[in-house]
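K.L.:
Here is what each chain is made of, one letter per residue.
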Amino acid sequence: MLSARELDRYKRQILLFGEEGQERLKRSRIFIAGAGGLGCPISIYLAVAGVGMITIADQDTVEQTNLNRQVLHSDSDIGKKKTVSAVEKLRKINPDITVKGIDRTIDKTNVQRLVGSADGIVDALDNFPTRYLLNRAAIRKGIPLFHGAIRGLYGQATTIIPGMTPCMACLFPKAPPAEVFPVVGVTPGIIGMIQATEVIKYLVRDGRLLTGRLLIWDGLEAHAEEITVERNPACPVCGRPENRKNKGKDV
Amino acid sequence: MTAKLRFFARFRELLGTDILVPVREGVTISDLVRSAVSGNEGGYAAIFDENGNFREFVILMRNGKRIERQDTKNTPVQDGDEIAIFPPVAGG
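Chains as they are written, first to last, in this note's numbering: chain A, 1 to 251; chain B, 1 to 92.
Derived from the structure by calculation, the hints contain no laboratory data. We treat Cβ as the ideally placed atom computed from N, Cα and C, and that holds for glycine. Mixed in with the good hints, there may be bad ones.
Stated by the list, open to error - Computed list of lysine-lysine pairs in PhoX-like fashion (alpha-carbon distance at most 20 Å, straight line):
hint : chain 1 : residue 1 : chain 2 : residue 2
1    : A       : Lys108    : A       : Lys174
2    : B       : Lys4      : B       : Lys65
3    : A       : Lys80     : A       : Lys108
4    : A       : Lys11     : A       : Lys141
5    : A       : Lys174    : B       : Lys73
6    : B       : Lys65     : A       : Lys174
What the hints assert, rightly or not - If you want a taste of the chain B side facing chain A, the calculated C-beta under 8 Å gives, among others:
hint : residue
7    : Ala9
8    : Gly16
9    : Pro22
10   : Gly26
11   : Gly39
12   : Phe86
Stated by the list, open to error - Partial selection, computed: residues in chain B whose CB lies under 10 Å from chain A:
hint : residue
13   : Lys4
14   : Thr17
15   : Arg24
16   : Arg34
17   : Ala36
18   : Val58
19   : Ile59
20   : Arg66
21   : Glu68
22   : Lys73
23   : Gly92
Just chain A, with the same shape it has in the complex (with noise of 0.2 Å):
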């Protein structure tokens, strides 16, 4: 049930969503994993919009070099954890929603326990091999994950539904090199709010989601396209265990 305060607060999106949409946004439950360029723009639309219940995951601390695009974070963070400073500015932004930090590194021995039950998944994450974890807990648990990643002024972005679309797997079967990547701070703000935008159509069930497609936005051009994605009967993550080629210990 919305309150009073909530009711305005959401006025004019509950002339989008309705109030049935907003109830779903109050209960539902978003893990985000990362409190970095991408995470901490999803988090904060994520929070004025109204999810309940947003866990953020990120073991790093808030460091200068952050602050060109981690828009959560500011000088007087710098040596906190960001999942304290993240968490600290998410209640101040929306009090009426629950907001958890969990100062931890994604690893394969807590994937699955730190997801939980959510609602759905969203990958803010900097590397390959934490999506890839991240990829075979969503597929087990038949949760969403909110694909994005960028790099400078370009970025990529998908929305995976278990057992429906291809996975990060069928996607990018290997991962591309590890680096210290350039980026300025509105690159993960545009692939943070496709993201976002994703989140929001999928837990109000409106609109057409971002599945089976890729998208790939290109900042220099101002230009945005889409490939469709196909499903890897094959995959080693979610084909069928006689179709798989291998285990897949890369994925």
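Put chain B on the given structure of chain A with help from the hints.
P.N.:
Frame of chain A, contents of chain B only:
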């Protein structure tokens, strides 16, 4: 006969957005891309490994449909084909 090669993200910075290339009868996707980018050292090294194979993470599409790396060696290019070459990005 011609085909269009389309590059994305970092590949675009190195090689440009699109290249229209003449297609020889029976040439494979792998050979066509290799010869088209061979004059560009940085572009070539970004896409191909030291053995001349597409790097493992490179995503290739032919007319909007994904094509596996191993299949590029025996798939002939047709007139008017559009080959998209895309490096996934990893940052967040």
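K.L.:
Please go over all the hints and tell whether each is borne out by the structure.
P.N.:
Evaluation of the provided hints:
no.: 1; hint: A/Lys108 / A/Lys174; verdict: 18 Å, holds
no.: 2; hint: B/Lys4 / B/Lys65; verdict: 15 Å, holds
no.: 3; hint: A/Lys80 / A/Lys108; verdict: 26 Å, violated
no.: 4; hint: A/Lys11 / A/Lys141; verdict: 34 Å, violated
no.: 5; hint: A/Lys174 / B/Lys73; verdict: 19 Å, holds
no.: 6; hint: B/Lys65 / A/Lys174; verdict: 18 Å, holds
no.: 7; hint: Ala9; verdict: 4 Å, holds
no.: 8; hint: Gly16; verdict: 11 Å, violated
no.: 9; hint: Pro22; verdict: 25 Å, violated
no.: 10; hint: Gly26; verdict: 26 Å, violated
no.: 11; hint: Gly39; verdict: 23 Å, violated
no.: 12; hint: Phe86; verdict: 7 Å, holds
no.: 13; hint: Lys4; verdict: 14 Å, violated
no.: 14; hint: Thr17; verdict: 7 Å, holds
no.: 15; hint: Arg24; verdict: 27 Å, violated
no.: 16; hint: Arg34; verdict: 19 Å, violated
no.: 17; hint: Ala36; verdict: 20 Å, violated
no.: 18; hint: Val58; verdict: 9 Å, holds
no.: 19; hint: Ile59; verdict: 8 Å, holds
no.: 20; hint: Arg66; verdict: 6 Å, holds
no.: 21; hint: Glu68; verdict: 9 Å, holds
no.: 22; hint: Lys73; verdict: 17 Å, violated
no.: 23; hint: Gly92; verdict: 4 Å, holds
Hint compliance for this structure: hints 3, 4, 8, 9, 10, 11, 13, 15, 16, 17 and 22 are broken, all remaining hints hold.
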